[in-house]
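Chains as they are written, first to last, in our numbering: chain A, 1 to 253; chain B, 254 to 694.
Hints in this document: simulated from the structure, not taken from any laboratory. Where hints are given, some of them may not hold.
Restraint ranges, calculated between C-beta atoms of paired labels, are given here [claimed, not checked]:
#, chain 1, residue 1, chain 2, residue 2, range
1, B, E636, A, P203, 35 to 41 angstroms
2, A, S177, B, G553, 39 to 45 angstroms
3, A, R175, B, S544, 51 to 57 angstroms
Built from N, CA and C at the ideal position, the CB exists for glycine as well.
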Amino acid sequence: MNASGTAYGAGSLMLVVGGTSDIGRAIAHRHAAAGGALILTARETARLEPDAQDIRLRYRTEVTVVGFDLLALETHARLLDELPALPDIVVCVAGLLGDHAVSRGDPIAAKLVMETNYVAPALLLGLVANRFEARGRGVIVGISSVAGERGRASNYVYGSAKAGFTAFLSGLRARLSRTSVRVVTIKPGFVATRMTAGFKLPPVLTAQPEEVGAAVAAAIRRQKDVVYVRSIWQPIMTVIRYMPETIFKRMKY
Amino acid sequence: MKLSGWGRYPWVEVLPEEPRTDTEICAHLACAPSLIARGNGRSYGDAALNESCVLDMRHMSRLVAFDEGSGFMVCEAGVLLSDLVALFVPRGWFVPVTPGTRFVTIGGMVAADVHGKNHHVAGSFGDHVRWLDLMLADGQIMRCSRQENVGLFNATLGGMGLTGVILRVAFALQRIETDLIAQRLLKAASLDEAMDLFESNDAATYSVAWIDCLASGGRLGRSLITLGEHLPRSALPPTREGRPFADVPRQRLAMPVSSPAWVMNRRSVATFNALYYARGRPGERIVSLASYFYPLDAIGAWNRLYGRNGFVQYQFVLPKAASREGLRAVLDRVAAAGAGSFLAVLKLFGAARYRAGSLSFPREGYTLALDFPVSTGTFKLLEQLDVIVAAFGGRLYLAKDARSGAAMLAGYDQLDTFRVLRERLDPVRRLSSLLSRRLGL
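Pulled out of the complex, with its shape left as it was, chain A reads as follows:
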């Protein structure tokens, strides 16, 4: 454990919400490889059990699997109450890209994207923050997205939800800045996962899931607030953020 009372790896317990995703799996592997214990959640625990067993065998660490539906807001408090222990680190990896062409015209589909990327993760991490604050320490990690920095024509439903999540994490961080509770926002950029399979992604901008796992480890150890997984995204997003709206709105991407 370091000065501010946060720990990673050996001796610490990490809860990964969305443990079946490629990124969730990579974050879990990295923590377990450093000696940490894990609680993984998924809607269908049967799907997660082989992954959990894999981690146990590889790293000889404790892995607990918990059934949890992030979208069922009424179950959030119960999840935290019933955990074997309040974790040291909570990572929320849940995300849904959706099909923008559908989201544009179908409010139910769009709502699902918004809830999965913003409403549900933010509210869960809000509850976690309260408990961490009461305990006096803890690390919250939200996997947000570069898509949340500006609404693009081609995916503003997803982007706006990630924007909301990023803003929520930023507010949480500010609220807890005088405590020993830390809030980390990870912006992965493109990642080669099941979610992006079949997309033609530029290799320089595209991280492997393992890089996200490493970025989470580094962010916690080095006490970072906001992290781009590949640093090349930093200048790119700076340009995009400061581009005048009159130009930005005409960009086709």
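With the hints as your guide, set chain B onto chain A.
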């Protein structure tokens, strides 16, 4: 995307599918006109290529069970050997048979029935497989072992993925006391000397020879032979006392771009070979397990060394009785062509366990592996070598092959049984690769 084997020749345009569960593999089998499973892409030629569908198995990478007492391991086919080495060597376990790179998948090791430097004492990897789960062309999952579905089991070991998609493999790891190898280097001034050394050192656990394939005349076949034994804990050097498992494999260098094809020419290879041979000092050393088994793994993407057009590897085995004469004929031919092979590796295989219907490569006798940059000259030379290998009753290693014709399969004595099995299980050849079509498997 452009997809090729390790030799970067040939290639096809295909976007591999990345299944994560048995169900997803089953769905691909139902939809794709034909497909082949692929591991980490370390087979050299066209064994893991198919234009319509390639299953990249690397997400099927979960360990399923491990017994700390006996070393019994069950894992999914896409698990990387490099992961097993990194995780289990520090705990005192190593695979019973390892190929010359750790960047292969367990499924690939089964499909190619890989061999290692200990073939003469331990057999091939398939000899250590207790059972495997195979998904047939029709989506059915079959547990195969020496007790159940034996024909399918035999045909899958070395079956190049053509009997079905390998899902899970059970095998036993071997105990090691340290992560070090006691290596002994012997120098052979000629082919005869090298072969005598192999035969007089058949009690050594590991043995392999690097051979200077450009040397001719009286020096034909001059070699450096390295023998190896796992170092027992009692022999740990003072610097490692009390720390039997402390090796941290070195940071990998990588070939950032392809070198121009002319870099690997007759003169550069001859110079390298002469220096390498001269530098080899006979005697004993203690080396790390990684540097002993995986010297080339220290250089990432070393396949770029041969330039953009890629390279072909040529590995054959000759029956032991025909080896002396046959190897001489091959080396004469290679030296006469002046075609320098950077990596030329000689090894004596032990007797192979009889497996009906298996296309497994190893059989008792000498195996030689050579590699050459892709060129018309190379292909002409290899055709001449084919004639020699066939005349001596030898066979080519399918995991390395990219260009031979169906006639070269004559060296596989179980070919007919394999074909009958395939005809019965997969008459439409749903499981097929460029290799299976090229050879009519």
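Supplied distance hint 35 to 41 angstroms, evaluated on CB atoms of E636/B and P203/A: This hint holds: roughly 38 angstroms between Cβ atoms.
Regarding S177/A and G553/B, is the given constraint of 39 to 45 angstroms on their beta-carbon distance met? 43 angstroms, holds
When you take the CB atoms of R175/A and S544/B, is the distance between them in 51 to 57 angstroms? 53 angstroms, holds
The structure shown violates none of the earlier numbered hints.
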